[in-house]
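Engineer: Residue numbers for the sequence shown follow the numbering used here, beginning at 8 and rising by one.
Heads up, a few of these hints could be off.
Here are the simulated DSBU-like pairs of lysine-lysine, each with C-alpha atoms no more than 35 angstroms apart in a straight line [said to hold, decoys possible]:
{"hint": "1", "residue 1": "K41", "residue 2": "K59"}
{"hint": "2", "residue 1": "K41", "residue 2": "K54"}
{"hint": "3", "residue 1": "K31", "residue 2": "K54"}
{"hint": "4", "residue 1": "K31", "residue 2": "K60"}
{"hint": "5", "residue 1": "K59", "residue 2": "K31"}
{"hint": "6", "residue 1": "K41", "residue 2": "K31"}
{"hint": "7", "residue 1": "K60", "residue 2": "K41"}
These are computed hints drawn from the structure, not numbers from a lab. Since we're looking at a predicted model, the values are computed, not measured.
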Amino acid sequence: MGILSWLFGEPQEQINAEVTREHKGFQIRATPIKEGGQYRICGQISKGDHLKKFIRSDLIADRAQAEQISLDKGVIIIDQRGDTLFQLENI
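Work out the full structure: start from the sequences and follow the hints.
Structural biologist: And the structure:
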């Protein structure tokens, strides 16, 4: 570790905030969280003025794969809950 890394910390890896998918009128955005060299499945589902975040326990080593799985989980949530997902406290 160099002196600058020690002083200022390691640079944070950028997560592509624009990994999105449209499904049945909903917008899904993948927002995996980096945790100890892996990525936790996480995302946002929106429709109109409504927004709901979801986090799953799954940890994936590859960022791109975590983004894809986050989008897939969003599709499953939409298919199971539809518009009622915005009425729930936790999804």
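Engineer: Run every hint past the structure and note whether it holds.
Structural biologist: Okay, the hints, checked on the actual structure:
1. Simply put, K41 and K59 have alpha-carbon atoms about 20 angstroms apart, close enough for the 35 angstroms limit, and the pair holds.
2. The straight-line distance between the Cα atoms of K41 and K54 is roughly 26 angstroms, inside the 35 angstroms bound, and the hint therefore holds.
3. Between the alpha carbons of K31 and K54 the distance comes to roughly 10 angstroms, so the proposed pair stays at or under 35 angstroms and holds.
4. At most 35 angstroms may separate the alpha-carbon atoms for a hinted pair to count; K31 and K60 meet this at roughly 17 angstroms.
5. For the given pair, K59 sits about 16 angstroms from K31 by alpha-carbon distance, which is consistent with the 35 angstroms threshold.
6. Only pairs whose Cα atoms come within 35 angstroms are accepted, and K41 paired with K31 is accepted, the gap being roughly 29 angstroms.
7. Of the pairs offered as hints, the one joining K60 and K41 holds, with about 16 angstroms between alpha carbons and a cut-off of 35 angstroms not exceeded.
Going down the numbered hints, you'll see the structure goes against none, and every one checks out.
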